[in-house]
Amino acid sequence: MVSTRLFTLLLCFVSSVSLSVSESKVLEPHAAESFNVSLIQKLGTSCSYRVIISTSCSSPRYTRDQISIAFGDAYGNQIYAPRLDDPSIKTFEQCSSDTFEINGPCTYQLCYVYLYRSGPDGWIPESVKIHSHGSKSAVTFPYNTLVPESVWYGFNYCKSASDSSVLGAIGLERIVLVVVGFIVAGLILFV
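Numbering-wise, the sequence shown is residues -24 to -1, 1 to 167 according to mature numbering (1 follows the signal peptide of the UniProt record, and there is no 0).
It cannot be assumed that every hint is accurate.
[Said to hold, decoys possible] List time: in silico BS3-like cross-link candidates among lysine-lysine, alpha-carbon distance up to 27 Å:
1) Lys112 to Lys135
2) Lys105 to Lys135
3) Lys66 to Lys105
Rather than coming from a laboratory, the hints here were simulated on the basis of the structure.
Turn these sequences into a full structure, and let the hints guide you.
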């Protein structure tokens, strides 16, 4: 009887650990074939963003590649900055970070970023960190991989604006499920 109870407790523990591990997976950057820069809003420049792009130490020593960035939120507020590169001031050199002040429409929580690379050198970003207007924290997107040529490439953690409360409910549902599992296992073990 004790071995059955112990087995049940162990099963509940393994289930909760597997739920935690599946929640912690980080999405990898991907090509965004359907992303179209012409759809980006070109409203007034009402907010400022500090964008810090770190270049990987695996990247070529310097690059002649042309680099553009687009980022935004789940509500359609989008910012686009063409041609961030400038070989005369040595942007995007190996093992370095470059900071850009970019103006554009105000956003809610940033949830996507795409980089566009055109050129022969094969530039490799390490990460993109974006400080939003009026926010003390930054959103960081870890790349650590080659940006393919002539395609928007990056991360989209956005769900539609209406899905945000659903996501919170799903997370809460999993937590409640794990807690209930431990309670049931404890009752079985000690009854």
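Here's how the hints hold up against the structure:
1. Lys112 to Lys135: holds, 23 Å
2. Lys105 to Lys135: Status holds; Cα separation ~20 Å.
3. Lys66 to Lys105: holds, 19 Å
Of the hints listed earlier, there is not a single one the structure fails to meet.
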